[in-house]
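Visitor: What follows is the residue order along each chain.
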Amino acid sequence: GIQVEQSPPDLILQEGANSTLRCNFSDSVNNLQWFHQNPWGQLINLFYIPSGTKQNGRLSATTVATERYSLLYISSSQTTDSGVYFCAVRNNNDMRFGAGTRLTVKP
Amino acid sequence: DSGVTQTPKHLITATGQRVTLRCSPRSGDLSVYWYQQSLDQGLQFLIQYYNGEERAKGNILERFSAQQFPDLHSELNLSSLELGDSALYFCASSVGWSDSGNTIYFGEGSWLTVV
Chain W
1 GIQVEQSPPD
11 LILQEGANST
21 LRCNFSDSVN
31 NLQWFHQNPW
41 GQLINLFYIP
51 SGTKQNGRLS
61 ATTVATERYS
71 LLYISSSQTT
81 DSGVYFCAVR
91 NNNDMRFGAG
101 TRLTVKP
Chain L
1 DSGVTQTPKH
11 LITATGQRVT
21 LRCSPRSGDL
31 SVYWYQQSLD
41 QGLQFLIQYY
51 NGEERAKGNI
61 LERFSAQQFP
71 DLHSELNLSS
81 LELGDSALYF
91 CASSVGWSDS
101 GNTIYFGEGS
111 WLTVV
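Quick note, the sequences are listed as chains W and L, same order.
Residues in the first sequence are numbered from 1 upward in steps of one, following the working numbering.
Residues in the second sequence are numbered from 1 upward in steps of one, following the working numbering.
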């Protein structure tokens, strides 16, 4: 099956800093989503982005499907951004999650 | 609020027992997915149903089974529970069944603790 690798595994930021999270995948995919799992365990959909670039407030994402990677940008980070960010890819009805990037934003 | 509803939110049960987790998808969604999140295995896809029929199967144990009912709600049945089954079980839904063009939305999960 498809391998999904996320980096970095852990990231600690000061409030107000910017960050880039990366997701590499081993095969072509038809579907890619970014999720944020908050400290209460809720998985929140951030972007559906199999290709191209999208922006939503302080967050944006870019997927370069031909090079098999996606980036999630967080600008002006806030303490509420803390949690684990997952990349999930899907091909042939098989959805695979990366191991996640654990983000801690300090006040 | 994603619109996907899961019950119960928390469940504690003993080894060897059987439990049923319930999920109501978002209004209009025909696909339901079940995922297991454990500390050692991460987030794993278990099974997908579309409009009442099994569509895809992942790493679901034989002790586990699921179904989707005519009203589109789904249940995940876990039997002969073991300590290692303790995990957060997520239900998710999407409009269609295919990979493309289907954003998947997750419920808040059901925390299962087996003691």
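Calculated from the structure, these hints are not laboratory results.
By construction, the Cβ of each residue, glycine as well, lies at the ideal position given by its N, Cα and C atoms.
Check the hints yourself; a few may be wrong.
According to the in silico footprint, chain L covers these stretches of chain W (three or more CB under 8 Å from chain L) [claimed, not checked]:
1) 24 to 38
2) 85 to 95
Some chain L residues near chain W, calculated using beta-carbon distances under 7 Å [unchecked claim]:
3) F45
4) L46
5) L88
Visitor: If a hint holds in the structure, say so; if it doesn't, say that too.
Guide: So, going through the hints one by one against the coordinates:
| no. | hint | in the structure |
| --- | --- | --- |
| 1 | 24 to 38 | holds (count 5) |
| 2 | 85 to 95 | holds (count 8) |
| 3 | F45 | holds (5 Å) |
| 4 | L46 | violated (11 Å) |
| 5 | L88 | holds (6 Å) |
Checked against the numbered hints above, the structure breaks only hint 4 and satisfies the rest.
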